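Chain by chain, the residues:
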Amino acid sequence: MGPTYWWMLFGMALVTYIPRMIPLTILDGKKLPPLVTGILSNIPYAVLGALIFPAVFYVQEGNIFFGLIGAVTAFLIAIFGFGLMTVVLGTIGVLAIYSLFM
Amino acid sequence: MERSEFNNGLRAGLSIAIGYFPVALTFGLLAKTTGLSLFEATAMSIFVFAGAAQYISLSLITAGVDPFLIVMNTFIVNIRHFLMTASLNEKMQPAPKPVKAAYAFGVTDETFSVIATSKQEKVSSGHAFGVIVIAYGSWVVFTALGHVIGANLPLFLQAAMSIALYALFIALLVPSMEGNRKVVLLASVAAILHCIFYYTELLSTGWAILASTLLSSVLIELLYVKYGRALIPVIEKEES
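Top to bottom, those sequences are chains A and B. Sequential numbering from 1 applies to the first sequence in our numbering. Sequential numbering from 103 applies to the second sequence in our numbering.
These are computed hints drawn from the structure, not numbers from a lab. Heads up, some of the hints might be wrong.
[Said to hold, decoys possible] No more than 30 angstroms apart at the CA atoms, straight line, and that leaves these computed lysine-lysine pairs for DSBU-like:
| no. | chain 1 | residue 1 | chain 2 | residue 2 |
| --- | --- | --- | --- | --- |
| 1 | B | Lys221 | B | Lys193 |
| 2 | B | Lys221 | B | Lys199 |
| 3 | B | Lys328 | A | Lys30 |
| 4 | A | Lys30 | B | Lys134 |
| 5 | B | Lys193 | B | Lys224 |
| 6 | A | Lys30 | B | Lys193 |
| 7 | B | Lys134 | A | Lys31 |
Please read all numbers here as calculations on a predicted model, not as lab measurements.
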């Protein structure tokens with residue numbers, strides 16, 4: 001790839017790090033109004049919704065059911081109170097069986 | 103750094119490490135087919151540590167896109183982390199700036215979600231480092247491994263493993279949703295908004311995630327400020 005690749009990598013590292021770093025350091029210690037902290041505390045849940053949908057439908061190209069079965073499986077395992085790892089490994093297991101026979 | 107806090111973090115981060123295994127492995131494999139050397143592929147995981155952006159960069163490299171545009175694209179895709187670290191800052195115990203600057207490097211969608219949904223009122227730096235170290239280690243090691251052996255993995259397993267991150271996201275969301283209407287609303291509204299942005303092709307993925315997260319968080323917060331307690335009988339019990 002050559003030196004261009006390394007310059008690109010340097011740029012990618014920089015523009016990835018800066019948005020991660022600024023709120024934790026430069027903006028740290030600033031008193032935020034309650035509305036803003038309220039909004040910030042909502043973000044973990046909102047971002048999970050946005051990360052899951054619609055991308056989960058497209059984990060396998062051209063087959064919406066693959067992702068759908070995975071999402072439903074994960075949801076069911078999670079709602080029965082199992083931990084993160086059980087959900088992840090269980091879902092992979094179910095889809096492995098599905099992929100093997102489809 | 104408290105030893106036990108760090109160990110708790112490692113334990114909390116283990117599910118991410120497992121979730122990253124297939125994703126990093128696939129990244130390593132794709133990087134190889136894109137023409138990156140083992141060293142170049144692993145270096146990207148070491149220095150950038152951002153799954154989605156790394157995947158996208160591979161397809162852009164294949165398409166022969168100008169490296170500067172690839173950097174710009176990375177910025178747009180990752181700017182959502184600004185929201186996450188701003189939110190995380192409210193959840194973290196106070197710490198010296200260099201310490202915060204250090205763990206800031208490891209804030210990804212997954213490490214953020216695990217730390218931010220932690221049951222603790224305030225999270226220590228040690229805990230955050232634990233979560234991040236194990237996730238980062240998995241990401242880097244399995245990128246390299248993917249480059250070396252990825253293609254030899256049975257196809258049905260490669261396919262099944264592509265669900266891992268989504269299963270992790272669902273596993274993080276579901277326990278918080280139970281008995282908490284606000285969380286259900288936040289996630290649903292953000293999901294619906296992202297679907298709208300996606301299917302109308304109004305925004306590219308990076309901006310779409312950013313916009314739908316922010317819109318949902320603001321709208322629901324305003325709704326709750328305006329109508330307040332009438333909407334949240336169940337949540338109050340949870341928070342007390």
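Hint check:
With a CA separation close to 11 angstroms, the supplied pair Lys221 (chain B) and Lys193 (chain B) stays within the 30 angstroms bound. Only pairs whose Cα atoms come within 30 angstroms are accepted, and Lys221 (chain B) paired with Lys199 (chain B) is accepted, the gap being roughly 24 angstroms. For the hint pairing Lys328 (chain B) with Lys30 (chain A), the CA-to-CA distance comes to about 26 angstroms; that is within 30 angstroms, so the pair holds. Distance hint between Lys30 (chain A) and Lys134 (chain B) is unfulfilled; the C-alpha atoms sit about 45 angstroms from each other, more than 30 angstroms.
With a C-alpha separation of about 5 angstroms, the suggested pairing of Lys193 (chain B) with Lys224 (chain B) holds against the 30 angstroms cut-off. The suggested pairing of Lys30 (chain A) with Lys193 (chain B) holds, with an alpha-carbon distance near 14 angstroms, which does not exceed 30 angstroms. Between Lys134 (chain B) and Lys31 (chain A), the direct Cα distance comes to roughly 47 angstroms. Violation of the 30 angstroms bound is thereby established for this hinted pair.
Going through the hint list in order, the structure does not satisfy hints 4 and 7.
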